[in-house]
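Start from the sequences, fold in the hints, and give me the full structure.
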Amino acid sequence: MHAMLAAGGPVIPSFGKSSSCVQDNGAFCFDWIRDNWDSTFQPALISHLKLTVIAVGIGFVLALGLALLAHQRRWLITPLTLVFATVFTIPSLALFQVLVPISGLTVLTAEIALVGYTLSILFANIITGLREVPAEVRDAARGMGLSDRQILFRVELPIALPAVMAGLRIATVTVISLATIATVITVQSLGGPIFEGIQNDFKTKYVAAGLLTVVLALVADGLLVITQRRLTPWARARRA
Amino acid sequence: MGARAEGMTLPVGDISAPFTFLWDQWDSQVRDNVLQQFGYWGAAMAIASVIGLPVGVWLGHLHRGSFVAINTSNIGRALPTLGVLAVGIGVFGLTFLNIVFAFAVLAIPPILTNAYVGVDSVDPDAVEAAKGMGMRPREVLVRVELPLALPLIFAGLRTSALFVMATIPIAAIVGGKGLGEIINNQASFRLSGVIGAGILVIVLALGVNALLGVVQRLVTPRGLRLSGADARGDAPAATTVLPTTATPEQ
Amino acid sequence: MIHRTSKLGTVLVACLALALTLAACGSSKKSSSSSSSSSASGSPSVPSGQPGKGKPAVTLGDKNFPEQFILGQLYAQALQAKGFTVNVKKNIGSSEITDKALTSGKIDLYPEYTGVIVQELAHENGQPKSADETYTRASAYEAKRGFKTLNKTPFFDADGLAVQPAYAKKFGLKTAGDLTKVGAFTYGAPPENKTRFQGVVGMKKVYGLKKLKFVPLTIGLQYKALASNNIDVAAVFTTDGELKGGKYTVLTDPKGIFGFQNVTPVVSKKVLAQEGPAFEQTLNAVSAKLTNEAVQTMNAAVVLNKQDPAVVAKAFLSANGLLK
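Residue numbers (the working numbering), protein chains in the order written: chain A, 1 to 240; chain B, 1 to 250; chain C, 1 to 324.
None of these hints come from the bench; they were simulated from the model. For each residue, glycine too, the CB sits at the ideal point set by N, CA and C. Be a bit skeptical, because a hint or two may be false.
With a straight-line Cα cutoff of 25 Å, these simulated BS3-like cross-link-like pairs (lysine-lysine) come out [unchecked claim]:
1. Lys-17/A / Lys-244/C
2. Lys-247/C / Lys-17/A
3. Lys-213/C / Lys-177/B
Not everything, but these chain A residues come out facing chain C in the computed CB check (under 10 Å) [what the hints assert, rightly or not]:
4. Asn-25
5. Thr-186
6. Asn-200
Label-pair restraints from in silico Cβ distances [stated by the list, open to error]:
7. Asp-31/A / Gln-274/C: 42 to 50 Å
8. Gly-16/A / Asp-32/B: 22 to 30 Å
9. Gly-223/B / Arg-74/A: 25 to 33 Å
10. Val-68/B / Asn-87/C: 44 to 52 Å
11. His-63/B / Arg-230/A: 34 to 42 Å
Right under this line is the structure:
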């Protein structure tokens with residue numbers, strides 16, 4: 001390592017040069033991606049995954065609970081729907097910043113916002129799914145002697161499953177997308193390399209991170225489709 | 001941490017501050033941003049409709065190509081906006097069209113899918129009756145299938161309209177314009193400005209959704225309106241606001 | 001029916017379990033690694049041993065541009081080498097936002113520029129006439145609020161106005177005031193410059209540049225905009241890596257609106273007391289090594305060579321015996 005010595009000052013080590021691809025600011029410098037995967041992309045990806053799973057998990061449980069509640073007490077449906085419709089339209093960039101004075105520059109703040117968006121999507125889907133259960137089916141089940149609770153778990157929820165899964169798919173990819181914005185409140189996610197890359201005008205960094213986010217979303221969506229098909233085999237049979 | 005108590009203040013010291021901001025800064029900043037916002041929105045919706053509506057309607061009419069139509073659509077919907085913007089900017093540079101393209105990609109899926117499902121799931125009896133009356137396929141499409149599919153088609157349009165309007169602020173991160181310029185600049189405009197612009201975005205998003213609802217009512221033939229075409233799987237107006245895709249059988 | 005419901009139930013329970021497990025993982029803090037130490041030479045020197053072990057964790061923030069990322073890493077890594085537990089909140093935002101994070105307790109310290117403290121945070125009248133005066137006034141202001149400013153760095157990084165050399169030649173531009181010769185021009189700068197004295201306000205008031213048209217740009221985008229002629233004048237930092245090599249002409253600031261801008265870590269007094277004297281000593285030892293040349297070289301490594309700030313900081317600290 002060739003070091004430069006200023007008189008009585010600090011030692012300034014040579015920091016090395018990067019490849020010509022990077023010097024020319026190419027959009028796809030694979031060597032750089034490979035070299036920096038462990039330090040730049042992997043931690044961001046893992047953090048992003050964590051954010052998503054927690055948000056969708058908690059959001060799903062809450063949405064299910066609220067939907068079941070509203071299914072019992074019908075008068076709740078309209079007000080809740082309106083509230084969630086409004087929450088859904090709050091620009092994420094604004095919501096994250098507004099929550100900071102309340103819960104700080106923390107993962108908690110990001111999760112509050114992400115769970116809010118998940119709830120907005122899932123509540124509507126679950127309620128719609130439950131309501132689409134044909135009255136005749138419900139009546140038949142009642143005729144068979146099933147209690148309300150049994151009807152819910154053995155008839156209504158299974159029939160609502162496609163709608164629930166559709167909602168889960170939408171919610172998951174939406175959260176993956178919104179989690180990139182969490183970077184503005186210093187929460188680690190794939191948005192980090194995107195923001196920094198744009199700030200630094202370092203194309204490979206933000207293009208690679210952008211592509212990675214896209215791939216993550218598509219993979220998640222695909223996995224959920226497969227799960228959906230396995231959980232609702234009758235849906236495909238119905239099509240034929 | 002003892003310092004925690006300090007931070008537990010309301011984000012807005014004075015509840016009218018966001019509105020004062022919008023009023024005071026209207027001429028110097030906000031109005032231009034609103035116009036820019038509509039510029040991106042209009043272009044993206046136009047492109048998305050021109051692509052999504054004909055393709056969706058046609059495939060639905062033919063009851064064909066559902067796999068391709070719906071899955072391409074799903075891929076489009078899954079694309080994270082910031083990711084698409086980042087790749088687009090990196091490869092093609094920062095231009096108006098580039099940003100519009102990213103939002104059009106976002107807007108196409110609900111429009112296409114809903115148009116497809118809307119036309120595809122029209123009551124077969126109605127179609128049969130029309131054919132029995134001697135209508136040719138194109139007439140069946142225009143005079144029977146389309147009107148009956150209107151609720152779902154509009155549900156898709158409204159979902160896209162709302163979603164795109166609410167997402168445009170993100171473009172400011174990559175250097176785009178619109179109300180995101182304010183929301184991304186807490187340093188200059190303070191939290192009250194961020195909140196004010198945020199509220200304005202919500203109003204615009206809900207506004208275009210409501211506007212399209214009015215258009216829907218005007219365009220729906222009276223007979224269908226009275227019979228409550230809403231009953232056909234289309235949840236009450238409020239829920240069409242959210243991206244509940246008409247669940248096509250996968 | 002039972003089969004399908006139990007499948008559904010299993011999936012729901014699995015989801016919930018997964019979510020809760022990850023939530024638990026997410027909330028646990030990372031602990032820093034320790035390394036053995038020996039005292040370093042030169043003064044001020046790093047304290048010996050691991051004085052930071054067992055002290056409460058601190059949160060260090062930095063602002064939104066590469067030099068700040070480097071500074072954040074330099075200070076954080078030096079502290080971590082001494083056993084302190086440091087959480088870094090990178091890229092918080094402009095001074096206004098980062099300062100708010102400091103005063104509301106979300107972070108415990110961050111590196112700030114003395115001139116920015118006096119002008120943009122304290123909004124004091126009367127520009128300071130020297131780097132020392134700037135530091136003294138900044139210290140006084142922060143002390144009133146419960147914060148201490150540690151030793152200032154030798155290096156300084158002020159705002160500057162950069163233009164393309166051809167443009168400067170065309171209009172005969174040497175100083176910022178010469179821009180009146182141009183007539184209307186576009187000035188690309190970070191959004192906060194619109195309301196800053198060390199930005200649009202000072203340019204209009206002190207240099208009379210009334211025909212300035214402000215174009216907000218995220219920090220980092222201004223060089224590209226300048227190179228592609230999307231803007232006439234770009235707001236730059238005098239230690240920017242991009243300025244190496246004379247690719248751009250930086251106009252001088254004879255009336256000194258951009259002030260004296262050495263860096264000083266601003267730390268909460270309470271935290272300083274909590275962490276003990278070795279904390280302050282370590283930070284001062286790092287600051288002493290930060291000369292203009294050192295910082296500009298590191299900036300160039302990060303910005304032009306696209307190196308990671310953490311890696312660059314580590315190399316620098318290591319070469320100067322600050323990681324022992």
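Hints and how they fare:
no., hint, result
1, Lys-17/A / Lys-244/C, "holds, 15 Å"
2, Lys-247/C / Lys-17/A, "holds, 19 Å"
3, Lys-213/C / Lys-177/B, "holds, 16 Å"
4, Asn-25, "holds, 9 Å"
5, Thr-186, "holds, 4 Å"
6, Asn-200, "holds, 5 Å"
7, Asp-31/A / Gln-274/C: 42 to 50 Å, "holds, 45 Å"
8, Gly-16/A / Asp-32/B: 22 to 30 Å, "violated, 45 Å"
9, Gly-223/B / Arg-74/A: 25 to 33 Å, "holds, 29 Å"
10, Val-68/B / Asn-87/C: 44 to 52 Å, "holds, 49 Å"
11, His-63/B / Arg-230/A: 34 to 42 Å, "violated, 26 Å"
Checked against the numbered hints given earlier, the structure breaks hints 8, 11 and satisfies all the rest.
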